Structure formats: C-alpha cells, structure tokens
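There are 2 protein chains.
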Amino acid sequence: MYLENVISPADVKKLSIPELRTLADEMRTALIKKLSEHGGHIGPNLGMIEMTVALHYVFDSPKDKIIYDVSHQCYPHKMLTGRADAFLYPEHYDDVTGYTNPLESEHDFFTVGHTSTSVSLAAGLAVGRDRTGGCENIIAVIGDGSLSGGEALEALDYAGEYDKNLIIIVNDNDQSIAENHGGLYKSLKALRESNGESENNIFKSFGLDYKYLDDGHNIEKLIEIFSSVKDIQHPIVVHVHTIKGRGLAYAESDREAWHAGGPFNAEDGSRNYGGENDSDPVFESLKKLLDTNEKAVVLNAATPMGLGFTENVRPEYVKRGQFIDVGIAEENAMAMISGIAKNGGTPVFGTFAPFFQRTYDQLSHDLCLNDTPATFLVLMPGVYGMNSNTHIALCDIQFFSHVPNLIYLAPTSREEYMQMFKFATTQKNHPVGIRVPAYLPKTGIEDTTDYSVLNKSQIAVKGSYAAIIGVGSLFGLAKNVADEYKKQTGENITVINPKFLTGLDEELLESLKANHKLVITLEDGEVDGGFGQRVAGFYGDSSIKVKNFGLSKKFHTDFNADELLAEHGISVDKLVEYIKHSI
Amino acid sequence: MYLENVISPADVKKLSIPELRTLADEMRTALIKKLSEHGGHIGPNLGMIEMTVALHYVFDSPKDKIIYDVSHQCYPHKMLTGRADAFLYPEHYDDVTGYTNPLESEHDFFTVGHTSTSVSLAAGLAVGRDRTGGCENIIAVIGDGSLSGGEALEALDYAGEYDKNLIIIVNDNDQSIAENHGGLYKSLKALRESNGESENNIFKSFGLDYKYLDDGHNIEKLIEIFSSVKDIQHPIVVHVHTIKGRGLAYAESDREAWHAGGPFNAEDGSRNYGGENDSDPVFESLKKLLDTNEKAVVLNAATPMGLGFTENVRPEYVKRGQFIDVGIAEENAMAMISGIAKNGGTPVFGTFAPFFQRTYDQLSHDLCLNDTPATFLVLMPGVYGMNSNTHIALCDIQFFSHVPNLIYLAPTSREEYMQMFKFATTQKNHPVGIRVPAYLPKTGIEDTTDYSVLNKSQIAVKGSYAAIIGVGSLFGLAKNVADEYKKQTGENITVINPKFLTGLDEELLESLKANHKLVITLEDGEVDGGFGQRVAGFYGDSSIKVKNFGLSKKFHTDFNADELLAEHGISVDKLVEYIKHSI
Numbered sequence: 013m014y015l016e017n018v019i020s021p022a023d024v025k026k027l028s029i030p031e032l033r034t035l036a037d038e039m040r041t042a043l044i045k046k047l048s049e050h051g052g053h054i055g056p057n058l059g060m061i062e063m064t065v066a067l068h069y070v071f072d073s074p075k076d077k078i079i080y081d082v083s084h085q086c087y088p089h090k091m092l093t094g095r096a097d098a099f100l101y102p103e104h105y106d107d108v109t110g111y112t113n114p115l116e117s118e119h120d121f122f123t124v125g126h127t128s129t130s131v132s133l134a135a136g137l138a139v140g141r142d143r144t145g146g147c148e149n150i151i152a153v154i155g156d157g158s159l160s161g162g163e164a165l166e167a168l169d170y171a172g173e174y175d176k177n178l179i180i181i182v183n184d185n186d187q188s189i190a191e192n193h194g195g196l197y198k199s200l201k202a203l204r205e206s207n208g209e210s211e212n213n214i215f216k217s218f219g220l221d222y223k224y225l226d227d228g229h230n231i232e233k234l235i236e237i238f239s240s241v242k243d244i245q246h247p248i249v250v251h252v253h254t255i256k257g258r259g260l261a262y263a264e265s266d267r268e269a270w271h272a273g274g275p276f277n278a279e280d281g282s283r284n285y286g287g288e289n290d291s292d293p294v295f296e297s298l299k300k301l302l303d304t305n306e307k308a309v310v311l312n313a314a315t316p317m318g319l320g321f322t323e324n325v326r327p328e329y330v331k332r333g334q335f336i337d338v339g340i341a342e343e344n345a346m347a348m349i350s351g352i353a354k355n356g357g358t359p360v361f362g363t364f365a366p367f368f369q370r371t372y373d374q375l376s377h378d379l380c381l382n383d384t385p386a387t388f389l390v391l392m393p394g395v396y397g398m399n400s401n402t403h404i405a406l407c408d409i410q411f412f413s414h415v416p417n418l419i420y421l422a423p424t425s426r427e428e429y430m431q432m433f434k435f436a437t438t439q440k441n442h443p444v445g446i447r448v449p450a451y452l453p454k455t456g457i458e459d460t461t462d463y464s465v466l467n468k469s470q471i472a473v474k475g476s477y478a479a480i481i482g483v484g485s486l487f488g489l490a491k492n493v494a495d496e497y498k499k500q501t502g503e504n505i506t507v508i509n510p511k512f513l514t515g516l517d518e519e520l521l522e523s524l525k526a527n528h529k530l531v532i533t534l535e536d537g538e539v540d541g542g543f544g545q546r547v548a549g550f551y552g553d554s555s556i557k558v559k560n561f562g563l564s565k566k567f568h569t570d571f572n573a574d575e576l577l578a579e580h581g582i583s584v585d586k587l588v589e590y591i592k593h594s595i
Numbered sequence: 013m014y015l016e017n018v019i020s021p022a023d024v025k026k027l028s029i030p031e032l033r034t035l036a037d038e039m040r041t042a043l044i045k046k047l048s049e050h051g052g053h054i055g056p057n058l059g060m061i062e063m064t065v066a067l068h069y070v071f072d073s074p075k076d077k078i079i080y081d082v083s084h085q086c087y088p089h090k091m092l093t094g095r096a097d098a099f100l101y102p103e104h105y106d107d108v109t110g111y112t113n114p115l116e117s118e119h120d121f122f123t124v125g126h127t128s129t130s131v132s133l134a135a136g137l138a139v140g141r142d143r144t145g146g147c148e149n150i151i152a153v154i155g156d157g158s159l160s161g162g163e164a165l166e167a168l169d170y171a172g173e174y175d176k177n178l179i180i181i182v183n184d185n186d187q188s189i190a191e192n193h194g195g196l197y198k199s200l201k202a203l204r205e206s207n208g209e210s211e212n213n214i215f216k217s218f219g220l221d222y223k224y225l226d227d228g229h230n231i232e233k234l235i236e237i238f239s240s241v242k243d244i245q246h247p248i249v250v251h252v253h254t255i256k257g258r259g260l261a262y263a264e265s266d267r268e269a270w271h272a273g274g275p276f277n278a279e280d281g282s283r284n285y286g287g288e289n290d291s292d293p294v295f296e297s298l299k300k301l302l303d304t305n306e307k308a309v310v311l312n313a314a315t316p317m318g319l320g321f322t323e324n325v326r327p328e329y330v331k332r333g334q335f336i337d338v339g340i341a342e343e344n345a346m347a348m349i350s351g352i353a354k355n356g357g358t359p360v361f362g363t364f365a366p367f368f369q370r371t372y373d374q375l376s377h378d379l380c381l382n383d384t385p386a387t388f389l390v391l392m393p394g395v396y397g398m399n400s401n402t403h404i405a406l407c408d409i410q411f412f413s414h415v416p417n418l419i420y421l422a423p424t425s426r427e428e429y430m431q432m433f434k435f436a437t438t439q440k441n442h443p444v445g446i447r448v449p450a451y452l453p454k455t456g457i458e459d460t461t462d463y464s465v466l467n468k469s470q471i472a473v474k475g476s477y478a479a480i481i482g483v484g485s486l487f488g489l490a491k492n493v494a495d496e497y498k499k500q501t502g503e504n505i506t507v508i509n510p511k512f513l514t515g516l517d518e519e520l521l522e523s524l525k526a527n528h529k530l531v532i533t534l535e536d537g538e539v540d541g542g543f544g545q546r547v548a549g550f551y552g553d554s555s556i557k558v559k560n561f562g563l564s565k566k567f568h569t570d571f572n573a574d575e576l577l578a579e580h581g582i583s584v585d586k587l588v589e590y591i592k593h594s595i
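Residue numbers (my numbering), protein chains in the order written: chain A, 13 to 595; chain B, 13 to 595.
Some hints could be false.
Identical chains share a label here; the pair holds if one copy fits it or two copies do between them.
Claimed, not checked - The calculated lysine-lysine pairs, modelled on BS3-like cross-linking and capped at a C-alpha distance of 25 Å, are:
#, residue 1, residue 2
1, Lys331, Lys176
2, Lys592, Lys525
3, Lys529, Lys201
4, Lys592, Lys566
5, Lys45, Lys454
6, Lys557, Lys45
7, Lys440, Lys592
8, Lys331, Lys300
9, Lys566, Lys468
10, Lys566, Lys525
11, Lys307, Lys176
12, Lys201, Lys223
13, Lys474, Lys498
14, Lys499, Lys474
15, Lys233, Lys454
16, Lys75, Lys454
17, Lys176, Lys201
18, Lys198, Lys223
If you are wondering where the hints come from, they were derived from the structure by calculation, not from laboratory data.
In this text, all values refer to a predicted model and were calculated from it rather than measured experimentally.
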C-alpha cells in the first residue's frame with residue numbers, strides 16, 4: 013500500500029503516474045471506509061482525490077501554499093500531508109478535524125469553514141509574499157458553489173487587477189450543496205460544454221487569464237495543466253471539471269443527499285437515521301405560510317435542507333415562485349427580503365446562524381433602516397447549535413440585539429416558535445428575526461401570546477428573593493434550577509422567559525425590585541455584550557444584584573454543550589449552590 | 013423656465029425633445045448654483061441629469077420604481093419629483109436630504125447611502141411585484157464604482173437567473189470616488205471602446221441580456237433605449253456611458269476632487285477650506301510605517317482620501333506595492349489583511365466606520381478566528397462622526413467588542429493614537445482595530461504606554477465616591493465633569509480612560525470598590541450592548557452602583573452631536589447634577 017507510506021508530499025512526488033493512480037484508488041477506498049463508519053463530507057472529498065494528488069505532485073507544499081475554500085474537501089489533502097492514519101485506522105479517525113487547521117499541520121494555513129473566502133485569503137498571502145521577498149506559488153481551490161458569494165466575487169475582481177503569481181483552481185462539479193443557482197452557472201455550463209471556449213467567460217470578464225480541463229479525474233492531465241501554470245507570474249484561473257461523489261455510484265447519482273452525512277452502509281448506500289423525528293417546526297411553519305398566503309415567499313442561501321425543503325418538496329414551490337434559492341449569496345437574500353416586503357410581499361429568509369455574519373450591513377442598512385416587515389430565521393444558534401469553531405454562532409445576540417427597529421425573538425418551545433412565526437409574518441411594522449434552536453421542546457399548550465405588544469417577558473414561576481431569566485434554550489434549565497432550589501429549600505424563586513432579545517420588559521424588571529435581591533441571567537452564547545449585560549445595565553443604579561452567566565469570549569470548538577455550560581457555572585447544581593451562597 | 017413648473021414626472025412627459033434639453037440645461041444651472049453655495053455631491057449629479065430626465069420621460073414613477081444605488085446621484089430625480097424648490101431657492105436648500113428618502117416623496121423607495129445595494133433591493137421589489145400581481149417596471153440605477161461590491165455582484169448573479177422584468181441601468185462614468193479598481197473595469201473599458209460589442213461581457217457572463225449607449229447625455233438616444241426596454245419581460249442591463257461632472261469643466265477634468273465637497277466659486281472652481289489644519293495623524297502614521305517598513309502595506313476600499321492618500325501622494329506607494337485600493341470591496345480587504353499578515357507582511361486596512369458593517373464575517377472568520385496580526389483603522393465612528401442615518405456608526409463598539417482574539421482600541425488623543433498604531437503594527441499576536449474619531453486633540457505629551465499589556469485602563473484623575481469612565485471622544489467630557497464637580501464641591505472624582513474596548517481592566521475596577529459608590533460610563537454611541545453595560549455586568553453582584561450613559565437605540569439622523577448627547581443626559585452640567593443628586 014502506498015498510502016500508509018505517504019508521510020509528506022515528498023512521498024507523492026516519488027511515484028510514477030501508474031503508482032499515483034493506485035495511490036488515488038487507495039485513498040478512495042480509505043475515504044469510503046472512514047466516511048461509511050464515521051460520517052463527514054462525502055461528495056466533495058471523493059471528487060477531489062485525483063486533483064489533490066496532482067496538486068501535491070506538482071507544487072511544493074508547504075512552501076507553495078494551497079488554500080481550500082470552505083475546506084470541507086480537504087480530506088485527501090490531509091491524507092497526503094502526514095495525516096493518513098486518521099483515514100486508515102478507526103482509532104485515529106478523530107485525530108483530525110473536518111476542515112483545514114494550522115494546529116494540525118504546516119500544510120494548512122487557515123482555520124476555515126465558511127464558503128467563498130479562499131481567493132481573498134490567497135490574494136492576501138500573495139501580497140504578503142510580495143512584501144517579504146518570497147517567490148512561492150499561491151493556490152486557491154474554490155468550488156463552483158462558493159463562487160457566488162460576495163467575498164469570492166470581490167476577490168476575483170481584485171485578482172483581475174493583481175499582476176503576480178496567483179493560481180485559482182475552480183473545482184467545478186456543477187453542484188452546490190443543493191443544485192447551483194445564479195446566472196454565472198450558465199457561464200460555467202457553457203464553458204464545460206465548449207471545452208472552455210465559450211464566449212462571455214465569467215473569469216476573463218474579470219480580467220483573468222484562463223485554462224480549462226474537462227477530465228478532472230485524469231491524474232496525468234491534471235499534472236500537465238498544473239505544471240503549465242506553476243510559477244506563472246500573473247493570476248490565472250484553472251477551471252477543472254470534476255464529479256462530486258466520484259467513485260461511489262449512489263453519491264454520484266444523488267449529489268445533494270450525499271454531500272455530507274453520518275455513517276452509512278458502503279455496499280448499498282443505505283442509511284439509518286433512527287426513528288422518525290417529530291415534524292420540523294420550521295418546515296411546518298413555512299409550508300403552511302406558503303400554502304395559505306400567495307404573497308409569501310421563502311428565500312434561502314444554498315441551504316434549502318435547513319428549512320426542510322428537500323429535493324422532493326422544492327420543485328412545487330419553486331414553480332409557484334414561492335421558494336427562491338439565491339445560492340451562496342446571503343447578502344443578496346437579506347437585502348432582497350427588504351425589497352419584497354416593501355412591495356407588498358411576505359418574505360422569510362432562513363439559513364444557519366453562522367452565515368448571518370455575512371449580512372450585517374444588509375440587515376442594518378437595507379432592512380432595518382428602512383424598517384420593512386420581513387422575517388428571517390436564524391437556525392441553530394448558540395451552544396446547542398453547531399460546535400466547530402468554523403461554524404459556531406455564540407454571538408448572535410450581540411450581533412442582532414442592538415440594531416434599531418429589529419425585533420429579535422427567542423422561542424423556548426415549539427408552540428412559542430409557531431406563534432412568533434405567525435406574528436412575524438402577519439405584522440406589517442418591523443423586521444423580525446427568530447432564533448430557532450436545534451431543538452424546540454413541545455409544551456403541549458398552544459401559545460396565544462400577542463407578540464405585537466413588544467418586549468413583554470413572561471413570568472413562568474413566581475417567587476421571591478431571586479429571579480432567573482433564561483434565554484431561549486436555557487429557559488428549561490432555569491425552570492429546573494427553580495425546581496431543585498424549591499426541593500432543597502422549600503422556597504420558590506422566580507423564573508422568567510424573556511422572549512424578546514431586542515428590548516427589556518422594564519415594567520416587569522422594575523416590579524422585581526419589590527421582593528427580589530438577585531437577578532440571574534442565563535444565555536447560551538457569549539456573555540460579553542449579550543442579553544444579560546443589558547439587564548445588569550438596567551439594574552446598575554438600583555440595589556438589585558445581577559449575575560450574568562454565559563460563555564467566555566473565545567472561539568470555542570469541539571465541545572459538549574452541557575459540559576461547556578457547566579464549565580461556565582451553568583448547571584442545575586452549580587446555579588442552585590450559587591443562589592444558596594448568595595443569600 | 014420649465015424647471016420651476018415641474019411638480020411631478022407628468023410635467024416632464026409633456027415636453028418636446030428640445031424642451032427636455034432646455035429643462036436639462038436649467039437643472040444643470042440650478043445644480044451648480046446650489047452646489048457652489050451649499051456643497052454636496054457634485055460630479056455624480058452633474059453626470060445624471062440627462063439620464064434622469066429620460067427616465068422620468070419614459071417610465072411612470074412612482075408606479076414604475078427607480079432605485080438609485082448609494083443615491084448620492086439622486087438630486088436630478090428630486091428636482092423632477094416635486095422637490096425642485098430645494099434646488100432653486102436657498103431658503104429651501106435644506107428641505108431635502110442628500111439621499112433618497114421615502115419620508116420626502118412617494119418616488120423614493122428606500123433610505124440608502126451605502127453602495128452596491130440597488131440591484132438586490134430592486135430584485136426584491138420585483139419579486140414582491142410578482143407575488144402581488146403587479147406589472148410595473150423595476151429599475152436599478154447603479155454606478156460603475158458600486159459594481160465591485162459583493163452585494164451588487166451577488167445580485168447581478170441572482171438577476172441572471174431571474175426571469176421577469178428587471179432593468180439594471182449601469183451608469184458608467186469610469187470613476188469611483190477615486191479611480192476604479194478591479195479587473196471588471198477592464199471589461200467595462202473594452203465595452204465602452206467597442207460600443208458594447210467586446211467579448212467577455214461581464215454582464216452577459218452573469219447570464220444577463222445587455223444593451224449599450226455611448227452618449228449618456230443625449231436625451232433623445234436615452235429615451236430611445238429606455239423605451240426599448242420598458243415592460244421587457246426578463247432582466248436586462250442597459251450600460252450607459254456618462255461623464256462625471258458633466259458641464260463643469262474643472263469637475264470633468266479632476267473627477268476625484270469634484271466628487272463631493274463644500275461650497276466653491278462656480279466661476280473658476282476655487283475653494284476655500286479655511287486655514288491649514290494640523291497634519292492628519294492617520295496619514296502621518298501610515299506614511300511613516302510605509303517609509304520605514306517595506307513589509308508594510310496599506311489597503312483601502314475606494315476611500316483613499318479618508319487615509320490622506322490623495323491623488324498626488326498615492327502613485328509612489330502604489331508603485332512600491334505598498335498601497336492597494338481594492339475598490340468598493342470591503343469584505344475582500346478585511347480577508348486579505350489576514351492573508352498578508354499570515355505570510356509575514358504588515359497590513360493596515362482603513363476605511364470609514366459605517367462601511368466596516370460589510371466585513372463582520374471576514375473580521376470574525378477570516379481574521380480573528382485565525383488570530384493573525386493585522387491592523388484596521390475605523391475612521392470617524394460615533395456621534396462626532398458622520399451624522400446622516402445613511403452613514404452613521406453608532407454601534408461600532410457593539411459590532412467589534414465581542415469578537416474573540418480582537419483588540420479594539422479607543423485613543424483619546426493624537427499621541428495615544430500614534431502609540432496605539434505603533435503597537436498594532438509591530439506586535440505579532442492578535443488583530444488590532446483602532447477607532448479613530450474625526451478629531452483627536454493633542455496633549456503635547458508623548459504616550460509611552462506599553463499596549464502589549466492588554467486591557468489596562470488609565471486613571472487620569474484620582475478621586476473618591478464617583479468614577480467616570482469616558483470612552484474615546486467622551487474622555488475629555490469626563491475630565492470636564494470632574495473639573496466642574498470639583499469647582500462646585502471641592503471634591504475630586506475619579507476619571508478613567510479605558511483605552512481598550514475588548515476587555516475590562518478588572519484589577520482597576522476591583523480597586524474602585526474600596527472608596528467608590530458610583531461608576532458612570534460615557535460612550536459616544538448606542539448604550540444598548542455597548543461598553544458601559546460590560547462595566548455594569550462586572551459590578552452586577554457588588555454594591556457599586558453603575559449608570560450607563562450613551563445614545564438610545566435608534567437610527568439617529570441630521571443631529572448636532574453635542575445636542576444629541578445632551579438629550580441623553582451627556583453634558584457637563586447634567587452629569588455634575590446627576591452625581592450630586594446620587595449622593
């Protein structure tokens with residue numbers, strides 16, 4: 013076996029073309045075995061095997077620097093840069109993360125997980141090289157799905173004016189996570205169908221040099237084309253056509269389903285996700301809206317599955333004009349919903365929480381300054397959401413709560429979510445964001461709250477001495493703390509569900525002064541700049557004591573949510589002790 | 013005179029072509045008179061007169077909806093939509109804002125001031141129209157300078173897939189504020205030089221239909237081309253070549269200097285800006301860095317003048333590779349500085365505070381997650397910065413302070429700025445942002461602080477009972493409050509300059525507990541989620557009282573800074589009274 017003897021790219025360079033082909037086969041076999049046992053990104057990595065072999069054969073990493081966009085396609089790169097064991101031996105599977113990671117290897121330059129960043133980062137490396145007298149190759153590897161993001165397009169435009177070595181490899185597999193969207197994909201299709209010769213070449217229109225390779229799984233041709241651009245002294249795009257999921261028939265034929273996932277049966281591609289879950293409240297709410305309000309339209313940015321709009325559900329709503337996937341283009345989606353609402357439509361934009369980080373200017377300037385009644389759904393924020401530092405969203409409250417005119421809501425149950433969604437999509441006064449945690453418990457009791465009365469919190473348990481305000485996912489914990497405290501002391505403490513994160517219920521907070529001495533806030537993200545400090549500010553000149561609990565300011569990663577919370581003093585036992593000791 | 017009788021676009025439609033030409037001449041004369049007496053955006057509006065006349069002749073505003081990008085070129089539009097008086101009569105000059113404003117007219121659809129938003133907003137209006145059964149034309153007017161912004165490129169890509177009426181007019185005057193940058197401008201140049209026939213058409217490469225008009229000041233031809241696309245049932249780009257500053261010789265010949273400005277002598281273009289100011293500390297710091305460190309490079313995003321790099325200064329540094337204008341592409345600039353620092357360079361990115369709103373994801377994910385030692389300068393934040401709701405930056409502390417790994421510094425004097433800049437550009441540990449107020453007073457005393465000792469605040473005055481923490485621009489006010497308090501009571505109160513906004517000086521704050529009962533925080537932006545609430549959180553479980561002063565959560569606009577602060581209790585008299593009454 014060649015693979016187990018590849019300690020560094022130098023070992024790749026020693027092999028003949030036939031041996032490289034065998035190496036690629038070994039890599040594919042190892043990848044499929046690990047993925048089927050462990051899960052991970054499937055299609056993107058199977059499509060990058062031959063390209064990665066050729067890259068490390070031609071270029072001299074880590075002197076030459078390869079930057080992978082999103083970096084969820086970096087498994088073959090890790091296999092060839094001293095980390096093959098993590099793909100060969102189950103006991104080492106978790107030695108590596110799913111993304112490039114400078115802490116793992118000198119061949120990785122950035123910790124990344126968001127799309128569309130590679131060309132900018134590579135352009136920066138190139139300028140850094142120019143300033144420090146270096147002469148290495150800088151290579152960005154970007155998938156077609158990532159091209160539509162504003163950061164990538166801005167960077168292609170910059171590269172079109174830059175005048176030194178910068179190699180941009182477009183790994184075109186004609187697929188984002190779902191199908192590609194946007195007019196530029198017509199250009200890519202025309203280029204694929206004309207062997208790179210079609211007119212109105214999107215890359216050339218940005219002023220870039222260009223080469224095309226149709227067979228992105230032919231190692232010999234890949235080596236040839238990469239060799240032809242090595243040490244080139246101007247920016248160039250090398251457009252390579254690959255097949256997502258290459259070598260795994262069911263992944264090749266259903267590219268969306270096999271983009272990523274948990275363990276599966278490698279023989280037949282069957283997957284067992286356990287018993288049926290409850291229906292997804294997000295999908296349920298959106299479907300009902302679209303089916304009952306023809307003015308309604310749902311937008312997403314290349315993550316339709318996050319909203320429950322899977323391949324079999326989407327076509328009908330797309331046909332009706334009620335479901336729009338803008339591709340990876342969150343900025344455009346956030347601005348568009350302002351326009352749609354302004355012209356009488358009822359728009360809802362939803363995507364995963366970390367990707368809202370791209371929309372701040374559109375949120376503030378295009379949406380909230382114009383105070384248009386659009387709705388957006390922030391999926392899986394907080395400590396119970398994603399848990400890699402490449403994808404966390406522990407600062408969504410910081411990010412949204414201070415923006416004027418916005419109403420940002422934190423449901424603590426499925427029923428509250430449903431009522432908040434109904435409020436958001438029927439009112440005509442303000443933009444509304446709803447933070448939708450990964451899990452919303454059912455209470456079994458319909459929520460009939462009138463959310464048009466803004467900033468009204470709910471007292472769930474009436475008590476005295478201490479009050480706990482539990483934001484969103486931590487409201488349940490707050491109730492558990494009160495239960496345990498009562499069990500231990502016989503006394504009730506107050507439990508509050510704030511519901512609104514963009515304003516305090518000042519009347520309620522004021523009323524607590526009568527018979528409370530301590531207010532505790534719990535939030536499932538960073539404490540610095542979060543909800544609790546607003547409460548502390550409110551009580552600052554009173555005699556009420558306030559203690560804010562939340563996470564420390566850090567890019568937390570690979571954590572168990574309950575353990576991380578407990579490390580920050582957020583557990584039933586620790587909080588009960590805190591209250592008892594504060595008396 | 014036709015102009016004074018134009019109450020609405022209906023009055024434009026009644027005129028013959030020669031009369032329209034006369035109307036345009038009258039508009040130009042009125043514009044030059046108002047601009048010379050009042051100041052404003054000069055070049056952009058002089059270049060849009062004929063186009064605006066033709067737009068209102070052909071389309072039926074407000075049913076047809078025209079969205080102006082940035083909207084600093086909307087003066088001719090205002091003249092033809094019931095607001096001519098504001099351009100004819102000095103006593104009405106201030107009846108209108110410098111941007112589109114739905115509060116002024118039904119012909120204005122959005123309050124906007126940031127670039128690159130028009131195509132997204134127009135696409136949203138178009139989808140809203142589709143959902144509500146409308147049939148109007150939706151027209152985006154975008155300047156070539158705005159095209160390079162990620163939001164605009166994402167929206168062009170979306171438009172390339174969209175399939176109903178959407179008219180995108182590219183007002184191409186071959187100029188941003190300064191000269192254009194980015195490879196796409198090569199495409200625009202080639203299109204201009206080939207009468208729209210050159211290959212690799214950037215718009216067609218996004219899948220869009222396309223028409224070109226070379227003489228963008230010929231009303232007849234403009235009417236012809238707009239009439240040809242009216243009611244078109246798919247998206248189309250109408251690329252129109254115009255001349256920035258058209259009709260004012262000195263503005264045509266120096267387009268950067270005449271983009272915008274204060275009053276001037278219309279006869280000869282002479283301008284009197286009063287006496288020489290002190291040299292700009294930002295320019296001084298950057299020039300010194302570039303002249304002494306060849307690894308250093310300054311980036312800006314189409315606002316070189318904000319950094320003092322005017323037309324006569326730039327060329328030398330551009331030639332050396334030490335000054336890069338990425339065009340309007342803030343996302344790319346923020347990510348690039350991470351790459352530059354990673355590869356050994358010393359990058360500094362600077363632009364105006366509101367435009368950092370576009371960089372949050374790059375700041376968090378590309379820069380701070382990777383903890384690369386890059387520097388950025390946030391120009392003119394806070395209440396003493398810009399004062400239009402289209403351009404304010406009253407939430408920069410909220411935006412930056414919670415991001416892990418970042419050091420965000422608030423100088424209160426020129427000397428502090430210089431020392432902080434030196435620290436930022438010589439340390440190799442973390443990204444550093446410096447908020448640079450519009451005015452930095454000189455102390456005359458060199459700052460020798462070692463800023464590598466993080467989060468150390470400075471006690472400027474030692475006192476007891478009360479302490480005032482004055483952030484950045486309000487540090488001077490804090491000292492004045494202490495002076496006045498002493499004058500009135502004979503007692504010293506403590507005055508603190510926090511310097512660091514990304515962490516509290518916990519040791520110092522702890523020490524105040526010994527002989528203080530009240531801590532007051534002053535900040536020149538929104539109080540909600542700001543610096544003061546962090547202090548309130550720190551003292552929440554102690555007996556120290558905290559009172560946070562800052563602005564309310566609102567898109568404040570057209571304010572006098574001192575008056576706005578006073579309305580929020582921030583003035584020497586009000587604060588002295590507050591302290592006296594709190595005893």
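Each hint tested on the structure:
1. Lys331 / Lys176: For Lys331 and Lys176, the Cα distance is within 25 Å only across copies (14 Å; inside one copy 46 Å).
2. Lys592 / Lys525: Both: 19 Å inside a chain and 24 Å across chains, each within 25 Å.
3. Lys529 / Lys201: Intra 67 Å, inter 70 Å, cutoff 25 Å: neither.
4. Lys592 / Lys566: The answer is neither: 29 Å in one copy and 40 Å across copies each exceed 25 Å.
5. Lys45 / Lys454: neither (38 Å within a copy, 67 Å between copies)
6. Lys557 / Lys45: neither (56 Å within a copy, 61 Å between copies)
7. Lys440 / Lys592: neither (46 Å within a copy, 45 Å between copies)
8. Lys331 / Lys300: Intra 17 Å, inter 60 Å, cutoff 25 Å: intra-copy only.
9. Lys566 / Lys468: between (31 Å within a copy, 20 Å between copies)
10. Lys566 / Lys525: Result: close neither inside a copy nor across copies, 34 Å intra and 28 Å inter.
11. Lys307 / Lys176: between (50 Å within a copy, 17 Å between copies)
12. Lys201 / Lys223: Answer is both; intra-copy 15 Å and inter-copy 23 Å each pass.
13. Lys474 / Lys498: within (12 Å within a copy, 47 Å between copies)
14. Lys499 / Lys474: Cα proximity of Lys499 and Lys474: one copy only (15 Å, versus 49 Å across).
15. Lys233 / Lys454: Classified as neither: same-chain Cα gap 57 Å, cross-chain 64 Å, threshold 25 Å.
16. Lys75 / Lys454: neither (55 Å within a copy, 46 Å between copies)
17. Lys176 / Lys201: between (29 Å within a copy, 22 Å between copies)
18. Lys198 / Lys223: both (18 Å within a copy, 19 Å between copies)
Checked against the numbered hints given earlier, this structure breaks hints 3, 4, 5, 6, 7, 10, 15 and 16; the rest are met.
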